[in-house]
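> Chain residues, written in single-letter form:
Number of protein chains: 2
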Amino acid sequence: MRIISALFILLSLVAPCQDINKLSEKHIKENSTQILTDFKNLLSIPNVAYDLPNINKNADHIISELKKRGVETKLLRIVGTPPIIYGYYPVKGAKRTLAFYVHYDGQPADKNNWINDPWTPTYYSKALFEGGEPMDFPVSYDEIDDEHRIYARSAGDDKAPVITILTALDMIQTNKIKATSNLVFFFEGQEEAGSRQLQQYLNDNRALVDEIDLWLFCDGPVHQSRRPQLVFGVRGVTGMEITTYGPNRPLHSGHYGNWAPVPGQILSELIASMKDEEGNIIIDGFYEDVEPLSELEKKAMQNIPSIDDGLKKELGINNPEGTESYNERLLRPSLTIKGLSSGNTGKLARNVVPATATAAIGMRLVKGCDPEKQKNLVEAHIRKQGFHIVREDPDQETRLKYPKIAKVTRSSGYPAARTSMDLPIIQEVIERTKHVAGDDLILLPTLGGSLPLYLFTDELKKPAIILPIANHDNNQHAADENIRIGNLWYGIKLMSALMTMDK
Amino acid sequence: MRIISALFILLSLVAPCQDINKLSEKHIKENSTQILTDFKNLLSIPNVAYDLPNINKNADHIISELKKRGVETKLLRIVGTPPIIYGYYPVKGAKRTLAFYVHYDGQPADKNNWINDPWTPTYYSKALFEGGEPMDFPVSYDEIDDEHRIYARSAGDDKAPVITILTALDMIQTNKIKATSNLVFFFEGQEEAGSRQLQQYLNDNRALVDEIDLWLFCDGPVHQSRRPQLVFGVRGVTGMEITTYGPNRPLHSGHYGNWAPVPGQILSELIASMKDEEGNIIIDGFYEDVEPLSELEKKAMQNIPSIDDGLKKELGINNPEGTESYNERLLRPSLTIKGLSSGNTGKLARNVVPATATAAIGMRLVKGCDPEKQKNLVEAHIRKQGFHIVREDPDQETRLKYPKIAKVTRSSGYPAARTSMDLPIIQEVIERTKHVAGDDLILLPTLGGSLPLYLFTDELKKPAIILPIANHDNNQHAADENIRIGNLWYGIKLMSALMTMDK
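Taken in order, these protein sequences are the chains called A and B. Mapping of the first sequence onto the numbering used here: position 253 corresponds to residue 253, and the numbering continues sequentially without gaps. Mapping of the second sequence onto the numbering used here: position 120 corresponds to residue 120, and the numbering continues sequentially without gaps.
Careful: at least some of the hints might be erroneous.
If chains are identical, the list can't say which one is meant, so a pair holds when it fits in one copy or spans any two.
To be verified - With a cut-off of at most 30 Å between alpha-carbon atoms, the simulated BS3-like pairs for lysine-lysine come out as follows:
(1) K68 to K57
(2) K384 to K313
(3) K347 to K384
(4) K407 to K347
(5) K384 to K298
(6) K384 to K404
(7) K401 to K312
(8) K126 to K22
(9) K404 to K313
(10) K67 to K57
(11) K74 to K404
(12) K111 to K373
(13) K312 to K404
(14) K401 to K74
(15) K126 to K298
(16) K313 to K401
Don't read these hints as lab results, they were simulated from the structure.
Generate coordinates for the entire structure from the input sequences, incorporating the hints supplied.
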């Protein structure tokens, strides 16, 4: 065994790109039960962001594990908030610095909905929905199957990257492989609580983060098709509420119906004016700032497997908005009626002309769109439909002055982020990930959802991409969260490969 | 005094049209304190429809008052419901029968919102909103002013007609004037509870009601301009709820926004398609069956004072629906969005694409429109917009089959009623009322609100008109309901005039 190990080390030094997978696999085989035990211990510490004593226990535990592996650590603290674990692993002669972002907090969990206690990690023969049975944690590699799963809060979201990073460090140290970049570990403790102080943490520690050349966000699941993926962006988010006005108090629909203006009618007409029959937004300029995809990104789009038919069937949809595919639609800013209210419906409906009607509008933004400008465009559209815009409920004078009045309450929000696939360093990451994941690797220009990735891409002005390792059916945020063992191994190989990425 | 009385009787027999007002005025002067005391006693009996013991006390009291005046009475009963007081006052040689409909029940009252107990009638020097002060009930006619008011539940709605009818009977009997028609008194006890058994009462007592030639509905207030009015119709009422569908469960607006169909958008587009920019309904055929006004009715319309400017100012409205006047708009069927709901707005709004959106639609109908046909027209319009209509939430197969689905839940309802002003008997009533009210009398083709008057006009096939006597500011249905004394006197004169209407 020793001779083989030595041979591997030799080969890896000469051509790490060729053999890092084999070294990782060997390391996994030789240490699998220890890796699972270590992970179990990590998952046993409750990790809801508002539970600061336990959050601190998580941080202490992870810090001590990083220190064991020679990482210089520091707890970044803002009083009363979960700390950020900052780890630095300098590499002599390295000319760049990669940062691995992970969050060690998890979603709250209602124990009553879970089969096992969320913080008592339980090993299963396969997924519960496939009929998995609980079993003891394996005591040898031979007992382990890729389809096994560990059930626990944060098994997938987002402690799996912690254990894969620690294991990757072990692997390169055991094999005396030199990392090719300085490594930064940036583990947040309140992502599931909205990352409320993230910007402040970044501002307060600008010197530490300014030297980072690339941010790797180790979070989220792989593609719904089970294929591995890299994600290059997220959509931004903002929104507004619009209230339209009828009479200054609800009126009897008999005495006044057909004469009093009906706010639900007025609001409906306004909403209807915002989209065409196919569901495309026809607000002037709404798509104007959308940054087009590069040729490379267009090509990547073509390699994403279509999930449209599956989604339609799952969600009971015959006719989605727009004429493009699901993935193409995510590359456009959206405008969604999240809520409507006026008077009452159902058993509470009364024979009235209501005084107001309100729509809650959610907007998702893509690369190029400014949240304030997009809201301005919507307001310009509202004015174009003949409305006078107010910020507070109109007084009597205003009511009598304008034929149509809309109160617009703007939400805050933040822009989308997207890192170009064309950047040389990103090309390297893609190549290196393909080495682990194979040519099956999906390159997704953007997620539909939103994360404040712009803090890194736009504020720090650094490339930032998302490296998911968890299985897509990991039940993140829900009961019975889990990680598939095969995905854990994938994560270890991926981290190892990226830490030793050739320059 | 006796000689004068005899003279009056003589005159009234010769030319009742000329002098009935004077006889009524004299009777009022001579009996004012007794009339007010009698009214006070009647108003002191609580009269909410579900309070059957008190409802029965009201019925017993009124029956005994009718009997005192020689009226043949009968309590029409359906077990467990407030009885109808039926009174018959036959007149030898009379060739027709007039029925006076009144309801002796009143709206429930929350004592906490009233200045005085709702069933402790209190006398005021003028309206509360004009600074009226409480005073003792007057002990002589000289103390009484037309602007005085009595505050009590049902003072205006609808016990005032009871006391005016009883007083009119006294008057004609005192003066030995012969009524010119057989008189029927039909006093309902559950109008404010929805007249649920009215149709059954009419069916069960068909022989009693079939001989009636004209129904006079003594209910409601005079015109907002304070001018007296006769009302010839009411609108019908019906409605429906429409639910549109997005995904089969609420989806994350980031992951799916811009792809998943948005039910609030779909519903808004459907609602918007129902009206033009001016607020006219553009559903095919919606106005087609509207029965036009006769020349006489058109002329009457021109004599109705405009209340549009006042209403706009009061209700904070710059731009009412449609381009016609308030009174003209009431002569068209209406379509009102009474309620809208989808997802949430305000603080409860979440970042979702909701699964459904629902609109509660109220429809008022005018003479000529059939409630079922009008709903069919709306459904035909919905289909024309590309929707598949369902009656229950769609199953998966239905969802996948149709691009747009609308669940339509139809309400029941009833048609409008309108009695033609051109009928000879109606012309007589108009002339006779003008004799009391003067040329100021407003002839209103229809109210905006709804009453099941069709039971009389369409089922019994008899003319039916509404004779309001209460002041327009009587606070009916609300706290501090009241009657203005001048309106009470008007009612006595009107009842006397109609009972002695020449043939």
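> Going back to the hint list, which numbers does this structure go against?
5, 11, 12, 14, 15
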